[in-house]
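Residue numbers (the working numbering), protein chains in the order written: chain A, 7 to 405; chain B, 7 to 405; chain C, 7 to 405; chain D, 7 to 405.
Possibly wrong hints are sitting among the right ones.
Given that identical chains are not distinguished, each listed pair holds provided it fits within a single copy or across any two copies.
[Claimed, not checked] In silico DSBU-like links for lysine-lysine, alpha-carbon gap of 35 angstroms or less:
1. K175 <-> K242
2. K98 <-> K28
3. K399 <-> K369
4. K175 <-> K204
5. K28 <-> K204
6. K72 <-> K204
7. K242 <-> K399
Bear in mind the hints are in silico, worked out from the structure with no lab data behind them.
Number of protein chains: 4
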Amino acid sequence: MGEKVGFVTMGEVKGERGEIPKIGVGMLGYAFMGKAHTNAYKKYPYIFWPPAAIPRLVAICGRNEKAVEEARIRYGYEKAYRDWQEMLNDPKVQIFDNSGPNSLHCEPSVAALNMGKHVFCEKPLAGTVEEARAMWEAAQKSSAKSMVCFNYRFLPALRLARDFIAEGKLGEIYHFRAQYLQEWIMDPNFPMVWRLDKDVAGSGALGDLGSHIIDLARFLVGDIATVSALTRTFIKERPSLEDPTRKVPVTVDDAFVAVVEFSCGAIGTLEASRFCAGRKNHQVIEINGSRGSIRFNLERLNELEVHLVGEEPKVFQGFHQVMVTESYHPFYEHWWPHGHIIGWEHTFIHAISHFLDAVVNNKEIAPYGATFEDGYRCAVICDTIVRSSLSGKKEELRY
Amino acid sequence: MGEKVGFVTMGEVKGERGEIPKIGVGMLGYAFMGKAHTNAYKKYPYIFWPPAAIPRLVAICGRNEKAVEEARIRYGYEKAYRDWQEMLNDPKVQIFDNSGPNSLHCEPSVAALNMGKHVFCEKPLAGTVEEARAMWEAAQKSSAKSMVCFNYRFLPALRLARDFIAEGKLGEIYHFRAQYLQEWIMDPNFPMVWRLDKDVAGSGALGDLGSHIIDLARFLVGDIATVSALTRTFIKERPSLEDPTRKVPVTVDDAFVAVVEFSCGAIGTLEASRFCAGRKNHQVIEINGSRGSIRFNLERLNELEVHLVGEEPKVFQGFHQVMVTESYHPFYEHWWPHGHIIGWEHTFIHAISHFLDAVVNNKEIAPYGATFEDGYRCAVICDTIVRSSLSGKKEELRY
Amino acid sequence: MGEKVGFVTMGEVKGERGEIPKIGVGMLGYAFMGKAHTNAYKKYPYIFWPPAAIPRLVAICGRNEKAVEEARIRYGYEKAYRDWQEMLNDPKVQIFDNSGPNSLHCEPSVAALNMGKHVFCEKPLAGTVEEARAMWEAAQKSSAKSMVCFNYRFLPALRLARDFIAEGKLGEIYHFRAQYLQEWIMDPNFPMVWRLDKDVAGSGALGDLGSHIIDLARFLVGDIATVSALTRTFIKERPSLEDPTRKVPVTVDDAFVAVVEFSCGAIGTLEASRFCAGRKNHQVIEINGSRGSIRFNLERLNELEVHLVGEEPKVFQGFHQVMVTESYHPFYEHWWPHGHIIGWEHTFIHAISHFLDAVVNNKEIAPYGATFEDGYRCAVICDTIVRSSLSGKKEELRY
Amino acid sequence: MGEKVGFVTMGEVKGERGEIPKIGVGMLGYAFMGKAHTNAYKKYPYIFWPPAAIPRLVAICGRNEKAVEEARIRYGYEKAYRDWQEMLNDPKVQIFDNSGPNSLHCEPSVAALNMGKHVFCEKPLAGTVEEARAMWEAAQKSSAKSMVCFNYRFLPALRLARDFIAEGKLGEIYHFRAQYLQEWIMDPNFPMVWRLDKDVAGSGALGDLGSHIIDLARFLVGDIATVSALTRTFIKERPSLEDPTRKVPVTVDDAFVAVVEFSCGAIGTLEASRFCAGRKNHQVIEINGSRGSIRFNLERLNELEVHLVGEEPKVFQGFHQVMVTESYHPFYEHWWPHGHIIGWEHTFIHAISHFLDAVVNNKEIAPYGATFEDGYRCAVICDTIVRSSLSGKKEELRY
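This is chain A alone, in the form it adopts within the complex (with noise of 0.2 angstroms):
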């Protein structure tokens, strides 16, 4: 890692704890995924105490030159810039945290690995799979560590089912089926916003929610051999945003649908799509195996539902519903008593602690964390989706 820009003394704890190093962060964007990293950099020292680093909030950089000072007030960031280049000059930055849109991951990303910067960037990758190779190749250049931000990785009840399967305890793995549903966008009224633009956003529900499931496929069961996939656009025009008396068209799909071969035998479902009407954060993850089968609901993040052959059946029978508190599940004996329930915001302050102390402590981020590798990985997938859905064919994954 870079030098030290500071540390926090512990006093007479010193002796036992040592010192903790702080560690200069610079962030790029302030919106959502500004607000859901910065949070974690916030809370990630005092919760995962005694932190591998203490996080500084050196910089944020914006566009907006107004916003981005109000950000900067907000969160406590030191100062603001206009300019990721000057932000990326400033030698206190020493992790750029890529929380931009999706067309501007590649190159600043980029930029920050050849100057020897970490660089922890926001899924999906990049918004081509051009882009994604290229950050990809930075990053194995790069003597500095990269991370996507793949946080449902971070989900205890995931991790959790990763070591499971893992360890063997499913067995052999014969199915992967995995839906995220949302609606935000079902009212044809709903404008054209940069979500819906592919030179932007790259895709639709395929690269914002398609992406999740997809690297969650590869985390959970292993890389994806095959797809046959449909996608589609039910809203063809909406409403500009600049003149909502004119109709533009929508250039991204609005679901995608998928059936997939794994490298290692299973056979899998995938499916995104923002037009399901009820459905909110509805991500739905369901992997049978051998011996034994789990279920996943983001909407109930804390629970998983469990199912292993061989128990003595008239009592275990069934999936249990195991409420992933305990102490001694993954990240929880940082947080509260059992059944005192976590959030999606925690999510981010895990994949923070697993990036700080990869960065601290010179460790790998896979296979816990997704690397620029996952991410480009993930990104030839959703393109060979579209591929397929317009081949009609199945596509072989070429990388």
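Dock chains B, C and D against the given chain A, drawing on the hints supplied.
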């Protein structure tokens, strides 16, 4: 319908109710489905009071002499036959109920239809598309009624769902997704039974479970235009029934997954498997439309989750757990007070009530009951799923 | 048991199964419970095959001549009576099934027992404690069998729960809590029916719903030692059935709540109400012991939630959703494959199977069936709940 | 409120937002509640933006010198004190946050109020009724604000429930039932900690868990008029903390059950226990009124089940699973997009937001926040529950 073979006089209530005809039933099969159908014939007349007709259990037919005689006594059939042709020749048999194995669906049913006898045939309609087409053609030529027992059409919750959709309550349909998951042959030592033999069963999870959700897809959302699918056989060899020390090849699918396009423009996912540990009879269906969504789970078959867009949101957003047990709900006026739930077997009673009403009062089987055309179309879709799995392409339906 | 009035010969299977006796049933009542009991007599012999006996529907009795004659035809009873005494005098009536109103439970049942006829009586045993005691005493003196139809004892899930507790799987019991919540008389314009008249019904929610959960408390955990209770009548006047413009006073409770001490040392809460908006037939029971817990919900009666202490915690903590539909589960071998659920009506078939087995094979009704002593003790507890509500004191049970 | 000890200038946004005052916090306690409250002070200002005030973490106080110093460093408090009196004398302490043990609630809080310092006190208000009354009286005399941290009032779902009830959406309330079930001291070898010592904790499950549901009963339905209750200590002796080979008597309750009458005429059941195997933090509340019902479960705290009478029944009967995460739901505009759920800790942030707004803008704590009078009344109800358990009588509340 055929001549009346008898009737019940209503005594003093005759003036109000009139005479209730008796109608003779000849049953092929005495196992799982023979039991379920017979139970329906026995319960229908005193539950759906006054009934359209009173089934007279004329004869039951099966190959094992001892077993069929015991079934005759057990269920109260008047005669036992070992040859279905003989049974069909019995003039008191007006309805031929085909609860035999799939490979025995075609020939006896066609024979019965050609004799002008009504046919109530267990699903899937036949073991092959060719047989299904022959049955449909026989049905078209016959003056008698014919119906495939896709019994889940007669779940009160799914009939309610269909009515909602037909009335436009869900608006334009965007998504259909259905899974039918079981676990009963996961053990590799489970032997090679007839259901795993392509020559007898036609197919595996696809024809047994998949045909149900395919029929429901058509019942609820309309016909399917294309399929892209994978099938899998996870356990490729099993112990022979005759000689368990010898392994014989499994010739049917253990599971399939598919993405489909509907003629109406909706997209869908279909999946059936017998390899989902912990899943007993887990048929789950979700439909999302522009104005609302529904979700159904066969293991909680008295309930329907409903979400409608546009109600006062602070109260009504989210799904409603509708218990479909009110007297104004489909079929429920004949049963018990609300919340006093019915079970799986009751679907057959509802199906028989529909069939007998059609027979006695010369009504149409469609659209609520599945016609032999419906059964044929379902068979074609199953066949196309297999073809797509082999071709690696999106295949169009050709009926 | 009484003389055989006929039997079925098993033909060739006779050597294996022997003869199955017929046993004559005389039914009092043709409404809700008459239908539920009759359905049980009709289904039992072909479902519980080979049956202990085949019920012969000898006679049905009711005051309304036309209605009872229609019921006779509908259900297939051989004769209709308008006077229960006459029906009891019919020598072919061996079992007297009392499905009449509560105020008609005592006299005919005692008469039947005194004649040596077996009595199967709908719950609650009687309208008053005095009548219940008289019935218990008659039962003790009679050579015939007697059973109260507390049908929920025959839910597979609750029989399983009882077995768990009896085997010590839950350890020492600490807590019992039960609610039985309905909504059907919430409308103040709902008229003054017999169930709201203390002279006919004895009590309101207490006797109708409360008696069920009191019996289940005793069945599952053991006898109750003290009660502290409140009863309430929320709607104190209702329109007269005869003249809806006139209001008449409601003379029974709409709801009760109680805290109880069990003889075994556990404490409990009991609650029943007909004023719980949205609750159809919501009977929920939870039991917590030193080694585990169970939870049951009548509206999902095929399921039992089970938690056992001390299993490997990372996997097994939390409740298991046990679907009580395996062939090794209580009663289920007679039904369908697992996950093909049964309904509310099936409890009566299980209860009848127990009763007929006791009658034919001279077995004990206790402990699985409710004896008239159980019915009497339940009546005493109901009475003590009323007394405690009036006295404002914790009252001890005195049987 | 006290003098401003500093403020944040908003730079260019100053004209719109004005200055935001800083307000000094002195914290007593650094364990479970110290962590939860401190987290709230730290998160509030950047989440509730612009905040009413920015908490300045002036000082933290505790008896263990090393532990309090580590907590100071961990959370960023400016000073550490070992004597609460000294901390109160610090003029920069404007708010006294009492997160100490129950036996230390009264004296320091009264002292702070007498000095004109605002007091935010963890629940229950005090270890005894006498102390609670003294605190209430001190609050009445003081010019400063005082609030008990009954944090569950600040659950979005329960605030929504209260609003529904206040608006009459549920009509006249008939029933309230609440259970708060945990399992954490079921092991008889769990030692004799301070929470099991009446002298320190005041009571057991009653004060710890029961006080929450009693406060919620009052918050949602209104005051309680009578109680009939039982308390129980299941494990009467436990290993001493100092010498585990020695057993010492447990002096608090392990559980209580009660039936209550509300002043408004409703009846209710209340129950809390630490002996419910499998229950982690299972607080479940159901309320039934003449026009609707609600149900809430703390382990799924983002959800509220709602049923309203009189909607179009074929669609809307049954409970709605309302996810209380919309921007128009209480507190949620400050958080994340809908379906991105919050956790248990967020209740404290909402509570602090209410308290700081009252302090800075001189608003009332009531009715949404719990006043010291609310805390006192809750203590009286707990006391009356104990009295009823001893007397075996229904006891009236006397405040």
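How the hints compare with the structure:
For the homomeric pair K175 and K242, the shortest alpha-carbon distance between copies (23 angstroms) is at most 35 angstroms, but the shortest distance inside one copy (46 angstroms) is not. In this homomeric assembly, K98 and K28 come within 35 angstroms of each other (Cα to Cα) both inside a single copy, at 10 angstroms, and across copies, at 28 angstroms. Taking the shortest alpha-carbon separations for K399 and K369, neither the intra-copy value of 41 angstroms nor the inter-copy value of 44 angstroms comes in at or below 35 angstroms. Taking identical chains as interchangeable, the C-alpha atoms of K175 and K204 lie at most 35 angstroms apart only when they sit on different chains, with a minimum of 33 angstroms there against 42 angstroms within one chain.
Taking CA atoms no more than 35 angstroms apart as the test, K28 paired with K204 passes in neither setting, with 39 angstroms inside one copy and 45 angstroms between copies. Within a single copy, K72 and K204 get their C-alpha atoms as close as 28 angstroms, which meets the 35 angstroms cut-off; across copies the closest is 57 angstroms, which misses it. In this assembly of identical chains, the alpha carbons of K242 and K399 lie at most 35 angstroms apart whether taken from the same copy (24 angstroms) or from different copies (26 angstroms).
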